[in-house]
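Participant: Sequence:
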Amino acid sequence: MSGTPPSQPARHEHLSDDEFQAHFLDGVSRTFALTIPRLPEGLARPVSNGYLLCRIVDTIEDEVALTSTQKRRYCEHFARVVAGTAPAAPLADELFPLLSDQTLAAERELIAAIPRVISITHGFAAPQQEALAECVATMSRGMAEFQDKDLRHGLEDLRQMGDYCYYVAGVVGEMLTRLFCHYSPEIAAHRSRLMELACPFGQGLQMTNILKDLWDDHARGVCWLPQEVFTECGFSLTELRPHHANPDFVRGFERLIGVAHAHLRNALEYTLLIPRHETGIREFCLWALGMAVLTLRKIHRHPYFSDSAQVKITRQAVKATIVTSRLTRGSDTLLKATFRLAGLGLPAAVPAAVLQPRPIDI
Numbered sequence: 036m037s038g039t040p041p042s043q044p045a046r047h048e049h050l051s052d053d054e055f056q057a058h059f060l061d062g063v064s065r066t067f068a069l070t071i072p073r074l075p076e077g078l079a080r081p082v083s084n085g086y087l088l089c090r091i092v093d094t095i096e097d098e099v100a101l102t103s104t105q106k107r108r109y110c111e112h113f114a115r116v117v118a119g120t121a122p123a124a125p126l127a128d129e130l131f132p133l134l135s136d137q138t139l140a141a142e143r144e145l146i147a148a149i150p151r152v153i154s155i156t157h158g159f160a161a162p163q164q165e166a167l168a169e170c171v172a173t174m175s176r177g178m179a180e181f182q183d184k185d186l187r188h189g190l191e192d193l194r195q196m197g198d199y200c201y202y203v204a205g206v207v208g209e210m211l212t213r214l215f216c217h218y219s220p221e222i223a224a225h226r227s228r229l230m231e232l233a234c235p236f237g238q239g240l241q242m243t244n245i246l247k248d249l250w251d252d253h254a255r256g257v258c259w260l261p262q263e264v265f266t267e268c269g270f271s272l273t274e275l276r277p278h279h280a281n282p283d284f285v286r287g288f289e290r291l292i293g294v295a296h297a298h299l300r301n302a303l304e305y306t307l308l309i310p311r312h313e314t315g316i317r318e319f320c321l322w323a324l325g326m327a328v329l330t331l332r333k334i335h336r337h338p339y340f341s342d343s344a345q346v347k348i349t350r351q352a353v354k355a356t357i358v359t360s361r362l363t364r365g366s367d368t369l370l371k372a373t374f375r376l377a378g379l380g381l382p383a384a385v386p387a388a389v390l391q392p393r394p395i396d397i
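Quick note, the working numbering runs 35 ahead of the 1-based positions in the sequence shown.
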């Protein structure tokens with residue numbers, strides 16, 4: 036166990052709020068540390084805070100030393116902290132000593148810093164606080180539902196996979212959309228359609244991560260693939276092993292690549308609804324979208340991969356995504372053409388998963 040820290044780590048006191056959040060983003064997500072600074076100043080701070088709040092939920096849910104009952108209790112407690120109905124320091128002081136060494140040092144540090152994170156949260160405008168609090172509450176309830184499931188041999192079907200992706204990523208898309216609409220009346224004019232597309236955007240990104248991280252998850256006894264899809268292709272996920280050579284499994288995997296690709300087409304539509312002059316917001320969306328499409332291409336080309344490193348895109352590909360986004364961000368025509376070109380050869384499918392979550396018994 037990691038010991039008991041002070042509720043407010045002294046080494047962070049000299050940092051401004053922006054420096055504080057940038058420090059933690061760099062520690063827990065290099066990708067978001069790269070993309071969030073592209074946002075305009077009025078958005079970067081609440082989006083950074085929102086990501087850190089979600090990462091705290093992830094840390095609680097992933098902690099191997101906690102029981103499912105403890106995870107549910109601490110997530111619900113944290114949701115109350117974010118909503119402002121419970122104090123932050125007691126939660127940090129109680130939770131930190133329970134973290135195991137398997138939790139990353141940066142994530143343990145983030146748990147210790149919960150009071151400072153929350154003080155930033157509660158300094159935002161009321162609509163921004165509401166967006167952040169609703170995201171955390173929904174994510175906490177939804178992810179807790181999956182903690183009690185036997186995930187060794189996959190989820191039941193695409194509907195259940197869609198539910199999981201919603202709670203992990205779709206709610207984040209909704210949160211971002213609310214923050215974007217609060218920032219810009221011009222964006223808010225498209226609020227209804229953006230909210231519809233926020234879930235597919237998140238699902239496309241999360242499905243891509245699930246496919247890429249298949250064998251990392253398998254090594255820790257977890258599988259997020261839908262059993263029904265593979266059963267229809269003649270493969271049982273109970274037989275899933277690295278270094279397999281089973282074409283039936285690949286057929287099921289290809290179907291999921293097609294669904295993810297379809298969701299990413301919706302992500303492009305979402306991005307095109309952002310005004311052209313909001314170049315930072317467009318780049319924020321395009322970088323995530325571009326890297327997901329390139330990852331799907333790599334997975335599609337290497338369906339028998341046995342390690343996520345084999346299908347991880349290179350730094351050169353990341354740089355190419357950034358350059359291409361900057362060159363095309365102002366032209367809807369160029370963006371559509373670039374997306375079609377990047378997705379050439381990928382399976383096509385109409386998204387089959389129902390994106391809105393089913394009611395949760397809590």
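Treat each hint with caution, since some may be false.
[To be verified] Under the rule of at most 16 Å between Cα atoms (straight-line distance), these lysine to aspartate or glutamate pairs were calculated in the EDC-like manner:
| no. | residue 1 | residue 2 |
| --- | --- | --- |
| 1 | Lys-347 | Glu-231 |
| 2 | Lys-184 | Asp-252 |
| 3 | Lys-106 | Glu-76 |
| 4 | Lys-106 | Asp-192 |
| 5 | Lys-184 | Glu-129 |
| 6 | Lys-184 | Glu-48 |
| 7 | Lys-333 | Glu-304 |
| 8 | Lys-371 | Glu-289 |
| 9 | Lys-106 | Glu-231 |
| 10 | Lys-371 | Glu-274 |
| 11 | Lys-354 | Asp-342 |
| 12 | Lys-333 | Glu-221 |
| 13 | Lys-354 | Glu-318 |
| 14 | Lys-354 | Asp-367 |
| 15 | Lys-347 | Asp-248 |
[What the hints assert, rightly or not] Simulated restraints on C-beta separations:
| no. | residue 1 | residue 2 | range |
| --- | --- | --- | --- |
| 16 | Val-285 | His-188 | 41 to 51 Å |
| 17 | His-112 | Gln-137 | 14 to 24 Å |
| 18 | Val-353 | Ala-254 | 21 to 31 Å |
| 19 | Val-353 | Leu-307 | 37 to 47 Å |
| 20 | Ser-64 | Ala-160 | 23 to 33 Å |
| 21 | Gln-345 | Arg-255 | 14 to 24 Å |
| 22 | Ala-254 | Ala-140 | 19 to 29 Å |
| 23 | Arg-375 | Ser-103 | 42 to 52 Å |
| 24 | Glu-304 | Pro-132 | 26 to 36 Å |
| 25 | Leu-139 | Leu-379 | 30 to 40 Å |
| 26 | Val-285 | Ala-160 | 26 to 36 Å |
| 27 | Val-285 | Val-257 | 34 to 44 Å |
Bear in mind the hints are in silico, worked out from the structure with no lab data behind them.
We put the CB at the ideal spot given by N, CA and C, even for glycine.
Participant: It remains to establish, for every hint, whether it holds in the given structure.
Facilitator: To see whether the hints hold, each was checked on the structure:
{"no.": "1", "hint": "Lys-347 x Glu-231", "in the structure": "violated (29 Å)"}
{"no.": "2", "hint": "Lys-184 x Asp-252", "in the structure": "holds (15 Å)"}
{"no.": "3", "hint": "Lys-106 x Glu-76", "in the structure": "violated (34 Å)"}
{"no.": "4", "hint": "Lys-106 x Asp-192", "in the structure": "violated (25 Å)"}
{"no.": "5", "hint": "Lys-184 x Glu-129", "in the structure": "violated (26 Å)"}
{"no.": "6", "hint": "Lys-184 x Glu-48", "in the structure": "violated (41 Å)"}
{"no.": "7", "hint": "Lys-333 x Glu-304", "in the structure": "violated (23 Å)"}
{"no.": "8", "hint": "Lys-371 x Glu-289", "in the structure": "violated (23 Å)"}
{"no.": "9", "hint": "Lys-106 x Glu-231", "in the structure": "violated (30 Å)"}
{"no.": "10", "hint": "Lys-371 x Glu-274", "in the structure": "violated (40 Å)"}
{"no.": "11", "hint": "Lys-354 x Asp-342", "in the structure": "violated (23 Å)"}
{"no.": "12", "hint": "Lys-333 x Glu-221", "in the structure": "violated (37 Å)"}
{"no.": "13", "hint": "Lys-354 x Glu-318", "in the structure": "holds (13 Å)"}
{"no.": "14", "hint": "Lys-354 x Asp-367", "in the structure": "violated (21 Å)"}
{"no.": "15", "hint": "Lys-347 x Asp-248", "in the structure": "holds (9 Å)"}
{"no.": "16", "hint": "Val-285 x His-188: 41 to 51 Å", "in the structure": "violated (18 Å)"}
{"no.": "17", "hint": "His-112 x Gln-137: 14 to 24 Å", "in the structure": "holds (22 Å)"}
{"no.": "18", "hint": "Val-353 x Ala-254: 21 to 31 Å", "in the structure": "holds (25 Å)"}
{"no.": "19", "hint": "Val-353 x Leu-307: 37 to 47 Å", "in the structure": "violated (22 Å)"}
{"no.": "20", "hint": "Ser-64 x Ala-160: 23 to 33 Å", "in the structure": "holds (25 Å)"}
{"no.": "21", "hint": "Gln-345 x Arg-255: 14 to 24 Å", "in the structure": "holds (18 Å)"}
{"no.": "22", "hint": "Ala-254 x Ala-140: 19 to 29 Å", "in the structure": "holds (21 Å)"}
{"no.": "23", "hint": "Arg-375 x Ser-103: 42 to 52 Å", "in the structure": "holds (44 Å)"}
{"no.": "24", "hint": "Glu-304 x Pro-132: 26 to 36 Å", "in the structure": "violated (47 Å)"}
{"no.": "25", "hint": "Leu-139 x Leu-379: 30 to 40 Å", "in the structure": "holds (37 Å)"}
{"no.": "26", "hint": "Val-285 x Ala-160: 26 to 36 Å", "in the structure": "violated (49 Å)"}
{"no.": "27", "hint": "Val-285 x Val-257: 34 to 44 Å", "in the structure": "violated (21 Å)"}
The structure fails hints 1, 3, 4, 5, 6, 7, 8, 9, 10, 11, 12, 14, 16, 19, 24, 26 and 27 (numbered hints given earlier, in ascending order).
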